[in-house]
Amino acid sequence: MTTPADTTPLPKQPPMRFAARWSRAWDSDLSWNFRHSPVAVAAAVTAVLFMTLALLAPWIAPQNAFDPGAVNLDDGFLRPMEKGAKGMTHVFGTDSQGRDLLSAILYGSRVSLLVGFASVGFSMALGVTLGLIAGFVGGRIDALIMRIADIQLSFPAILIALLVFGVGRGLIHPTQHERMAVMVLIIAIGLSHWAQYARTVRGATLVEKSKEYVQAARVMGRSPAAIMREHVLPNVLGPVLVIATINLALAVIEEATLSFLGVGVPPTQASLGTLIRIGQQFLFSGERWILFFPAAALIILALAINLLGDWLRDALNPRLK
Amino acid sequence: MTQPLLSVRNLRVEFPNRRQNLVAIDDVSFDIARSEILGVVGESGAGKSVTGAAIMGLLEPPGKMTAGAILLDGERIDRLDLGAMRRIRGKRIGMVFQDPLTSLNPVFRIGDQIVETLHAHLDMSGAEARARAIALLREVGIPAPNSRIDAYPHELSGGMRQRVVLALVLCTEPELIIADEPTTALDVSVQAQIISLIKSLARTRGTSVMLITHDMGVIAEAADRVAVMYAGRIAEIGPVREVLKAPRHPYAKGLMGAIPSLARVNDRAAPPGGGQGRLTLIPGNMPRLNAIPAGCAFNPRCANAVDRCRRDRPGLEALGPVQVACWVATGQA
Amino acid sequence: MIKSPLIEVEGLWRQFDVSKPWFNRIIEREPRRTLTAVADVSFSIERGETFALVGESGSGKSTIAKVIVGLLEPTLGSVTIDGIAMSDPTMVDQQLQLRRRIQMIFQDPFASLNPRWRVARIVAEPLRAFGLLSNAQAIDGRVSELLLLVGLSPEDSSKYPHEFSGGQRQRVAIARALAAEPDFLVCDEPTSALDVSVQAQILNLMRDLQDGLGLTFLFISHNLAVVRHMASRIGVLYLGRLVEVAMPDELFDAPRHPYTRLLLDAVPDIDMTGRVRTTVDGEIPSPIDPPPGCSFHPRCPLANGRCKLERPPLLPLNAAQPTGRYVACHAVAEARG
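Chains as they are written, first to last, in numbering that gives the first Met the number 0: chain A, 0 to 320; chain B, 0 to 332; chain C, 0 to 336.
The set of hints was computed from the structure by calculation and includes no laboratory data.
Straight-line distance between alpha carbons at most 30 angstroms, and here's what the computed DSSO-like set of lysine-lysine pairs gives:
#1 B:198 to B:90
#2 C:19 to A:210
#3 A:210 to C:158
#4 B:244 to B:198
#5 A:208 to C:19
#6 B:90 to B:63
A short, non-exhaustive set of chain B residues, derived as facing chain C with CB atoms under 10 angstroms:
#7 214
#8 243
#9 254
We put the CB at the ideal spot given by N, CA and C, even for glycine.
Extracted from the complex, chain A is given alone in its bound form:
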């Protein structure tokens, strides 16, 4: 594991440590830049609010949207703010099954965000590792990894995800499909985005590798793995953070697209994409709210995350070169 030196408290004043760190972070240029960018603050507030609400869905949603028993078929197609049979006000109305849309959106965002975060984490781990190895080791391994990345980047991400998803489902026993659907989706979306991380990290690694602090570590006889992990990795993560933020929005949209196409999560665990697919069936029969609210939720979420990513990229830009 990494050496503990940079976290070991100094002999004196250990209680000061947290406060000092906090004030340093607050005083940093990044934080100052953030506080003086209204768009970034608004986007961050929206995104955080959205995520909190989604996370707390089981406790704050009026209805358990994933529980068929909680839904009353007689409440189908209620307009926004209409009262249902049990006297419950459906703020966003209900769908054809009588499911409360507000609850469905809260639960659906939960699924969307889970898939988004997990697939970004997966593609980031994969891409950063491969990029680091390609850049640091070089030679044939580099050529192999980067050619695979090039090939993958020449296809649209959604196509890759569809392919992986199809193969994944083919490999899994049909009785397991529902249970494994989210997992397969995460892997499919994750695999469609790793190449971007790998490219960025490889480029940054090539730059860092030639710097003298890496040579100094080699003179000390540190192993390549230790140098990659302790020296190079922390110095290439800046741009990765930007890509990850922007990719989070992309992954949420990609998940929605797959679910919209009907290959994503099953309707029993409806995500935002599933809700939009359901909603679009009623677009021309007048019940527009069934499409409108899930679609608006997806747009607000994706926009907020994207704006945050844009701000982050600009704020870190001088160091990205």
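Put chains B and C on the given structure of chain A with help from the hints.
Same frame as chain A, but now just chains B and C:
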């Protein structure tokens, strides 16, 4: 007395940021006479490049000139609009930077770049301009200019590129050349060639040069007068021989003592490691712009500092052939 | 027993493949191209001395440094440290031990310290890597000691590199090198990125450390004045080959090789002695395609037909009474110069 070509009066440049207002140049005044080479020397952060940028009107934002005046041939050029300033930069003031590639377009042949510049400023036919370009390349010492004129910048060595930049600058026959570390990126033997080229151009064409460098050796070779800068101020200015051989300002003295020399043999007996004895030191570091001390900026590092040095800022005062900003040296402590 | 030199470099060659990628070579029908950075270089360094290598860009001085510290493998030739050949596969254990005793100080103190690490961790890295200390408290104590040794304060250990000036960073880099308790320091242009007043501080510090700790230095620089100040023996490199080896006073008072003379002549006359300079035309040729014969002949005022064909070997200046002074020049050997 004739009017100097360039006159900088009480120049002050500030870089405001969200925390404080950094004063990069504080009350700097100097003149450059026609066909004179003024060396501006100092360590990194002393403000020498910022001074050059201020004269050219090329301060990087958020830097801005907040006081003082810059006069070219008696006319103020610090308040001109962008277009007028650009015309002066293109025509009357030439610029040479450390990296010649900042001035050369990598996708055009060097000859085409020179010809284009000639067309832009002088009314010339194509054949005339090409002949003039070859003549210029020959003047800056490019061997076989007839064939090199069709080379791309990347096909030339660093020294050759710097010569091409000089040829490009000479196209418009500027009155003043501001050269910011023109030899720093070059090898010693090539550096000597470029220095003597700049010198001979100033002599034969009567061009004035502001030569910005951190290298005292370059100053010693090329400059007529030298300004030693410290923390955004001029510490000492005068004829190069006087300042280098008998510096009056304690910082200039320390700087000269700190330079290892080929000729100077130190009298300390050789220690076991061999070689010569110790170099004299200026203790400490140059202050950061956000922590420039009150009074004389050099006082915390100065062995001679007295109370007045910590209280009042010394201005440049004549002391024999030079001007020095030091209370002690000028006998006013 | 005769005291062996600490470092012996024998017939060292180092080439780099600078060909275009395989695919481009096939399409453009270009052969492989190699750059010879170091060609047939031999020298030895005695304990406690400061051997300086001086040369301009492309002279191969940094490549030699990297081969000695083990960052690069030699293409041909050997490096022997304290009697142990670094390429001998039967001595791997001893070689690992030796690695600790050879440390390096780099040119750019803004690149040689990991910007994400605190000074304490940077200076402690060799202590942990070589297993010199394992107890956290002992490591903290040693780091403080080392920081004091290089003129910093123990409080600096909690700072990040960007909080320091260039000179202070170079002090941190020196403390890190010393943490390994080396005998031998390879200093690759240690002051060329620093301002003059800071350069003087670092040079003095290095001299003090050498006297105090009995270190041996390989000092690499393009700055002749700095080399004269530091070295006890100097080797002049041109296009990857040693052209002259001499004691500083000999070299600076009576340079023999025409390239050494050119180099000395090119140094600006800072003392304003009124010395007349003869600037030599031309620039260093590309090391990918060096001239045949003596590689300096296209710029050499003394070159004749032999110089264009036959490469001069590095020979003792006075074969009858070897003084440790060597020159590789036909003109000098034939007493033409």
